[in-house]
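Protein sequence lines, in the order shown, are assigned to chains F and W. Quick note: the first sequence uses the numbering used here, first residue 242, plus one each step. Quick note: the second sequence uses the numbering used here, first residue 1263, plus one each step.
Don't read these hints as lab results, they were simulated from the structure. Fair warning: there could be bad hints in the mix.
Straight-line C-alpha distance at most 25 Å; calculated SDA-like pairs for lysine to any residue [to be verified]:
no. : chain 1 : residue 1 : chain 2 : residue 2
1   : W       : Lys1297   : W       : Arg1518
2   : W       : Lys1369   : F       : Lys398
3   : F       : Lys549    : W       : Arg1518
4   : W       : Lys1375   : F       : Lys484
5   : F       : Lys484    : W       : Thr1332
6   : W       : Lys1369   : F       : Pro552
7   : W       : Lys1293   : W       : Thr1332
8   : F       : Lys484    : W       : Arg1518
9   : F       : Lys549    : W       : Lys1375
10  : W       : Lys1375   : F       : Leu577
11  : F       : Lys549    : W       : Glu1339
12  : W       : Lys1293   : W       : Arg1337
13  : F       : Lys549    : W       : Asn1330
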Amino acid sequence: MTAALPERQPTDWESPAMRSRIAGRYRAERNFRRLGAAALVIAASFLAFLLFTIVRDGWSGFLRTEARVEVSFTPATLGVDPAAVSGPDGAAVLARADYLALMNEAARGLGPAAGSLSDAAWLVLRDELLAKPALLGQRVSVWVPVRSTIDLLAKDKFDLSAPADSRGVSDREVEAWRWLEREGRLRTGFNSAFFGNADSTEPELAGIGGAVLGSLFTLFITIIIALPLGVLSAVWLEEFAPKGRLADVIELSINNLAAVPSIIFGLLGLAFFLNFAGLPRSSPFVGGITLALMIMPVIVIASRVAIKAVPPSIRDAALGIGASPIQVVFQHVLPLALPGIMTGTIIGIARALGETAPLLLIGMRAFVTDVPQGLASPATVLPMQVFLWSDDVQRGFVEKTSAAILVLLIILIAMNSLAIYLRNRFERRW
Amino acid sequence: MNVNPAQQPAIGHNVIPKMTARDVNVFYGQKQAIKNVSIDVTSENVTAFIGPSGCGKSTFLRCLNRMNDTVDGARVEGRISLDAQDIYAPTMDVVQLRARVGMVFQKPNPFPKSIYENVAYGPRIHGLARAKADLDNIVESALRRAGLWDEAKDRLNESGTAMSGGQQQRLCIARAIAVDPEVILMDEPCSALDPIATARIEELIDELRGRYAIVIVTHNMQQAARVSQKTAFFHLGTLVEYDDTSAIFTNPRETRTKDYITGRYG
């Protein structure tokens, strides 16, 4: 038997020491909550600052200034024969006409603002006439885009009180803009060219259309390669792989692969796909494969977690009535794991969408003025367009850069929202 | 221990057994979970496996439809046969075996699909129904036999997981019945259920007796006494005693059996 223990005193819950201990506990709890709230406020204000500056600089990128010019669609200036136009090949004749000359003539009517129109303004005249051949020989008012400087002046982007040599805009340009304003020849409207065009050396003509399509092509390749490979790898590792040293090594490698800097994947893409396999440089195809390699580990990890979360009782139930292992996987486990797999995939895709480093190395840092026609044609992607524009010295690209960032952010937010929606909508509780 | 007076005595020993096990040893890695178990299971009787936790009764049950195959490092020695056919023979198709030897698990585990789909899944993967009407018939008869038809007929398209625990377990029994098995293994089917749902399942087991060979693992000795005609007492991986239920509960031969059923340990 043990020796008798000394009698224990009853606990005094009201003693000063006990009270101060309780007060201290409450204090620690309060401080911790405040600390957490402060961390959140700091993080949120960084985010708010980022969004604020981007929106402030970028919103005007969605607008474009146009000037009204009077154009006489005289056949002589256009260099076409009116008889040929009314003939069977009229459209072809009109398409070949000299619109640049027509534009130059029309611009002379603008007096001091003659040099204010965009280099590509003649395209508007061509589209106008091709749409309505009856305009030939008539004089009409047409709205055409202006040069980037005039556009920025109209958007009030210059500090005109600064001395001429430091404000970034010449007196002549300011004069031209003032004249156009006075004459009521300017209007600012939605910049559809920004969404339709590809890159250009002229800010007023540059758009994200090419980059968005390039991103779409690239992600398409990424998804069709990374999703099946990633999901099948995860299924094999979770459901069929023999447990042991080999499985551990594979798991470790996959986790490591997910953390490899993305530029390494770019080097791999350069060395293997371009130099060894000879696939087309700058193409969404190669970009897509490279990004697929990069996000595959992410998909494998997310899919494994989702598959692991399917309760074993469901597998038992299916096996117990004679389902084969393949039927168990494809008819029960995968459908139940799908929301988790989709969430992981969307997050991976979002990462691929925002990636530039690996694409730099496989030549997607290209100045491409055409909207890509296919998976093998040269293209750039949205974040790369942001990078290219942010590098450009022309003032007009500042707002384009921010506007492109806004578009990228909106797409990313939409994708992440979809991931969250899928998770909440299809998540099962057992 | 009260034996249900309405219960019929076990059918005699001269009946051809549905499943036989001879000198079965089961190992999990180095650990031996089952030692030299030999037992016969007949269609006419409900056979109960009783014993303290960890005695190997569930492990042995899972050998009867080779569910242990899915456990890493599990190894089964000895001979287990269904209708005199060795179920561990290389020629035996596990998928077909599990269709013939159905299983009901401890925790009700309906698929997160509709009630109809739960029952129809088995017949569908085994190709038991040619037309939709056939399948409807199979589903209805399985649900009827599981005593669930009246409760389920108006909600066949609702999720099986939305039912109560007892209903879910009967749905799992219906799902097992739907593939028309010869043997139904039940691994503590009532341990997650309340007494009323338990009573319902026990009635159901009694109704199913004779049509299927039923083997039930249970912790609950009253339950074994109520539903079974034959009882096997497992202890530390060995089969201590196997006899008519009435004999086990009134006149056990082994002291260990006696100690267990009188609550001395376990």
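* Asked: Which numbered hints does this structure break?
  -> Failing hints, ascending: 2, 3, 4, 8, 11.
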